[in-house]
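> Sequence order for the protein chains is A and B.
For the first sequence, our numbering assigns the number 520 to the last residue and increments by one with no breaks.
For the second sequence, our numbering assigns the number 1463 to the last residue and increments by one with no breaks.
With a Cα cut of at most 27 angstroms, we get these calculated DSSO-like pairs of lysine-lysine:
id	chain 1	residue 1	chain 2	residue 2
1	B	K1406	B	K1385
2	A	K381	B	K1034
3	B	K1447	A	K40
4	B	K1059	A	K140
5	B	K1234	B	K1390
6	B	K1447	A	K44
7	B	K1293	A	K504
8	B	K1293	A	K515
9	B	K1451	A	K44
10	A	K515	B	K1294
11	B	K1234	A	K57
12	A	K40	B	K1382
13	A	K37	B	K1451
14	A	K147	B	K1045
15	B	K1045	B	K1003
16	A	K4	B	K1023
17	A	K517	B	K1294
18	B	K1023	A	K381
19	B	K1043	A	K140
20	A	K40	B	K1390
21	B	K1043	A	K147
22	A	K175	B	K1181
23	A	K134	B	K1045
24	A	K40	B	K1451
25	A	K468	B	K1023
26	B	K1385	A	K40
27	A	K313	B	K1181
28	B	K1022	A	K468
29	B	K1293	A	K517
Derived by calculation from the structure, the hints in this document are not laboratory data.
Residue-level listing of the chains:
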Amino acid sequence: MVAKVRKNFQQAHWDEPIIYEMSIPGSRGILVPDPGKEIKERIKNPLNVLPTVMQRKDLPRLPELSQKHVLAHYLHLSQETLGSNITNDISEGTCTMKYNPRVNEVLVADPRFSELHPGQDEDTVQGILEIYYKFEQIIKEVSGMDKVTFQPGGGNHAVYTAASLVRAYWAERGKLEERNEVITTIFSHPCDAAAPSTAGFKVITLYPDEQGLPDIEALKKAVSHHTAAIFMTNPEDIGLYNPQVDQFVKLVHDVGGLCFYDQANANAFLGVTRARETGFDMCHFNVHKTFGAPHGSSGPANGAFCCTENLAKYLPSPSVEYDGKKYFLNFDHPDSIGKVREFMGTAGVILRAYAWTIMMGAEGLRETADISVINNNYLMKQLEGTPGLNYCFPDNGLRRQEQVRYTWEQLKEDTGVGTDDVNRRIADYGIEHYWTSHHPWVIPEPMTLEPCETYSVDDIDEYAAVVKQISKEAYETPELVKEAPHKSASHRRNDEAALDDPDKWALTWRAYEKKIKHLK
Amino acid sequence: MSKIVYPYIANSVPEIKERLLKKIGIESSEDIFKEIPEHLRFKGKMNIPGPYLSEYELKRHVEGLLSKNKSCSDYLNFLGGGTWQHYIPAVVDTIAGRDEFLTAYVGDSFADHGKFQALFETASMIGELVDMDVVNTPTYDWANAIAISCRMAARINGRRKVLLVGTISPGRLAVVDNYCKPDLTVELLKYDSETGLVDLNDLKNKVSEDVSAVYFENPSYLGFVEIQGELISKIVHDIGAEVIVGVDPTSLGVLTPPAQYGADIVCGELQPLGIHMQWGGGLSGFIATRDEKKYVAEYPSLMFGITTTIQEGEYGFGEVYYERTSYASRENGKDFIGTTTALYGIAAGVYMALMGPQGMRDLGIGIMQRSQYAMEILSEIKGVKVPLIKSPCFKEFIVNFDDAGKTVTEINRDLLAQNIFGGKDISCEFPVYGNSSLFCITEIHTKDDIKRLAVALDKVINN
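Okay, chain A solo, but in the shape it has when bound (with noise of 0.2 angstroms):
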């Protein structure tokens, strides 16, 4: 069967205006309700308790629009963006772009969800604290360590969790000022770096050696006395499993650290292999990625986060509890690190991640995995030979898991075109933005591709075909790319160094109204 490739993919180009020009004085999309003869009778000037100085003088500058006319700009704004409930989303890589079930969306909506206070007694919400520790115990077993919150707001939420507890630990024994170098390796995700320092860590950062792996003789040197913790991801965002993982592990316990396990990439390895047996005391999942919750155009997430027995007591408080009977919050955490947010997290994403688990199963888990890396195997192969496009470590012999790095050097080498212009022209096929890769760009030209367990061969044959289609034009027509995107709802910025500077940027209405648009 040949691929399909959506040569005439038109993405919605609504030219929608800004809310702000839609606004026609007068005006209402909504009505308040009213409070009615009596209370308005007794309470006739409400703002008269409040001295004149904290009474708004004027109404806020909001737009004023009848209730279509919200409806429809916002459903233009929509109709101009692509979700991966849409699109063939094995562009974001890393990411696990996989396909969010619309059932999960209904049982969220129930008002016997979505209308609990955090502050209601226990017996009343007796249904969600059931959730919250089944799918504990679901984490638990996908994990093996002993204790998991999900009170961190997503994954970067969790890993700044593991570095306060990190914090907790040592502070506890008096050498928080000895214990002062947290490790992490290049290919580990940018918040393995930043939340540890964000914590008061100097960061340590290894590079891989020659396979592509994390390099075991820089950790021999880099391991000290200082050494409070190591914070790594397995497999990196390149897609390399790193063998000698307990070794590092080894190594870092041996001098007295602590070992976190960045597991934001874990959906190839649900059942296949865990933090424990690995020998880490904590770990964190993503769960809007593994667990088939939304991403929510970039939250709400959830991060769940995991840790041995002897941390247990500094995880953030409350934790949830059932005595046999009855499942209750648990308050009485005298070492905890306090909180990471108010309440119990993104309730909403756990409630989606359980249903979808038990959905699953244990054997719809390790399908999953299964799945995953024959999908990224398979298009691996399918992309073998696209003129321009190799992938980073080639010759290391090293089977990639779930994502691949892949690099546009020879591209941007023969034709001048790179991976930022791939990837805005990857668009007019119908596709969603690739992820090339954070930076520092140590492959170049990346580009990180991850087909998960919800794509079908056709969805990978259509990828593979559409990446060829582009690599042909940058050798054919090199400008059709560098100008791309042509289908997509915007076009490419002007000026990208606008951005960058304080007189041109602006970020809100009004800024614009007064700094640019006056000069139009």
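Based on these hints, arrange chain B on the given structure of chain A.
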């Protein structure tokens, strides 16, 4: 490998799997997992409930669990204190439920133009409410926004101490403490227990050259309005520190925007602007400042700016000053950034656009009318003391039960028996106010709801 065909796994069809394996040239996934040493492999079978393979079974099972909850739709609710029950327009749910917004992620502004524009517009509308020109993309929550604001201030002036209003909620304080601890000293300001207001003498005693910022709230966690904003700002600015003010934006149709009484950094919570409470999971914070490089350079957040494109007359969007972020600069970036709460930011934008200027005004007035009415009605009950704090309130107020002969725990238990969620018990959080709770009244409450509460309380206390 599994024989089941999973609806969420396209290539779980056995024949397709075989085809893929053949094409790759391997026998099974084990030929890929071979890179994982045997001793690191998980040998057992995970103990996980399910599978609930049919959607019907799954839905029925989860709904069975949800049926064990009683929600604020079932019961009459007076809980606030950081998550508030407001009406959520149907259009907000429609937009927030669109698969495009729901399932997008980090795509650039060409294919994800709408996501950028929607969040830019939200920032623009928040900017109008707080009277500031710069607003970030959402933070995890209000508490996170305070903490980031404090760290921003410390980087701006190089000082290492922040003073926070003494009436801050313990939950919010715990988040700020954890986030500031590595670099900053956090100290609480005294307050006048009669008025709840910042003790200006204590403030004057505590401000010094090492104080980076002072944070207070409007309305406060305990519901009252801090009316000394200008005085506080003057004292703080005189020592060259930053003024940070936290706001509940539902109050900003009627209350003066903080920038007008001296705030340098404004932060707050988006949840009351059209986001379901979700057991506290609906929180989403924001930060706003003046449009000065010294502020913009210190945000850790993604920030979306408007610009032009090669197409004449077309708006484009992009990341402003991206190098600041940890995505670009790892440990050299400002704090850290990650996936936060963008979808809630979009929902809040839809809410503000629907409400418009008059809607926000009506909301604020209606809430204040109802809460003042409720205070009057409740004050008529023997054993109930309200208002306890002699300052104007917005939507929350303290009710004292010292003379009721029952603890708040007992009163709330008895109210629950009448299908009412009573106010939040603050007798442990703020012992200075005795046996008290914090009641929340919003536009969802009718006269009859308030009277029903009064009758129930009277019965609980005086029968």
